[in-house]
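In order, the protein sequence lines correspond to chains A and B.
Under the working numbering, the first residue of the first sequence carries the number 13, and numbering increases by one thereafter.
Under the working numbering, the first residue of the second sequence carries the number 23, and numbering increases by one thereafter.
To be clear, the hints were calculated from the coordinates, so they are not data collected in a lab.
Virtual Cβ for every residue (Gly too), placed ideally from N, Cα, C.
Errors might be hidden in some of the hints.
[What the hints assert, rightly or not] The following label-pair restraints were derived from C-beta to C-beta distances:
hint, chain 1, residue 1, chain 2, residue 2, range
1, B, Ala54, A, Ser160, 50 to 60 angstroms
2, A, Ala138, B, Asp196, 31 to 41 angstroms
3, A, Gly24, B, Gln134, 33 to 43 angstroms
[Claimed, not checked] Heads up, simulated DSS-like pairs for lysine-lysine below, C-alpha to C-alpha not over 30 angstroms straight-line:
hint, chain 1, residue 1, chain 2, residue 2
4, B, Lys68, A, Lys100
5, B, Lys65, A, Lys65
6, B, Lys65, A, Lys77
7, B, Lys41, A, Lys153
8, B, Lys168, A, Lys123
9, B, Lys152, A, Lys153
10, A, Lys113, B, Lys168
11, A, Lys123, B, Lys68
12, A, Lys112, B, Lys65
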Amino acid sequence: MNLRSRWFAGPGFVCIAALATMLSAYSGASSEEGNSPVQPVAFRHTIHVDTLKMNCLYCHFSANKSFDPGLPAVGTCMGCHTVVATGKPEIQKLASYWNKKQPVPWIRIHKLPEYVHFPHMRHVNAGVTCQTCHGQIQNMKQVYQASSLNMGWCINCHIGQSNPPFRARYDCSSCHY
Amino acid sequence: MSIEQEGSSVTGTPPNGVKRREFLKVLGVGTAATTMLGCASEKVEKLIPYLVSPDQTVPGVSTYYATTCRECSVACGLIAETRDGRTIKLEGNPDHPVNRGALCARGQAALQGLYNPDRYRGPMVRRNGKLQSATWDEALQVFAQKLGETRSRGATGAVFINQHESGSFPGFLDTWLAGLGMPAHLSYDADADHAAIAAHRQSYGVAWPRFDFRAARLVVSIGADFLDSWGAMVPQQLDFADARADHESFNRLMAQSRSMPAG
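Chain A on its own, in the form it takes in the complex (with noise of 0.2 angstroms):
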């Protein structure tokens, strides 16, 4: 070892573990669990799940039919907010969005790394309850991370391990395709 490569040696190592920590963080293989965020609306699951009982396909509309669930256009939510709670300053909100013609920017809370599918309506379809993954959203005054989402986790339901208990495929594929 020659006096460069030395002095190279240690920064340089520091630096592609740095590099290995934030690529790894980036690709969302770390578990967000509890994460919440502040959203651009305090939307309350509260008020349109619990006290309204409104069915969660109204709004994430595509949770049956796509790997996508469907988050609801803004036009869905001013479909009742035209008229309904006007005076609220969080419904103020999200009319100036749409006066604007803006959409809400919501901030993402659930996300599986690139290399993990996951189908929302195989699981919707097979009776898997929305609580099952996201938690009792129907209580979340702020929604948050109820569960890691890690790859534990996952096959810990496809081997029926849970309760009630379900059974699916758990080779590779089935979520690594």
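Given chain A's structure and the hints, the job is docking chain B onto it.
What follows is chain B alone, placed relative to chain A:
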């Protein structure tokens, strides 16, 4: 590698490398920084909904539209696969009589034109000899002004040039042009084989007859690459394949200046 040689040649002894204490300092700071960065929350990702959702649109589920390829004048039938309002794949339309589900490489690549980063993304107006981007309002104003000037001059010396159009649009266009007192529009095709078109007109009375390769027992081609770029190549390829399958005695005679798929 010779540590002693280099060390001694630069600084003499003792070799002036990284001191143990410095190394530990760098390592300590580096580890702390790594831990901080690693545990910091992930990049904030936004979920942007539609303002008003288009009918029949399901995120993650494709919608298919039957349309027509515009890459050449053959105008093959296409099925365009779209997702969230964006076209993501083109395939031949199996029910279309021209191409019977097949699509050439150029048709497949039409998507590249749709998303080409250098494409015109809005109207351009030529000012002082240079093309400059303009708003639609400005462009339509210039367009209306020029049309008005043309009309007031008696519509002389003005033609409407467009690329090849199919369906009812050419008829609509010509009716509109006639209303302005202008002649019928001209179609521009950079790839048009004018010599062949002139020859076809003299021989058969049409610009491009349909060649029924399926009925052929012998094909003589001189410089006409009918399987690659000469004429309606996709239907010709299909017919040629059918002819070869149907007739054991099918023959072809080619004369060409370069190698081509037709052999």
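message: Are any of the numbered hints broken by this structure? If so, which, sorted upward?
response: 1, 2, 5, 7, 8, 9, 10
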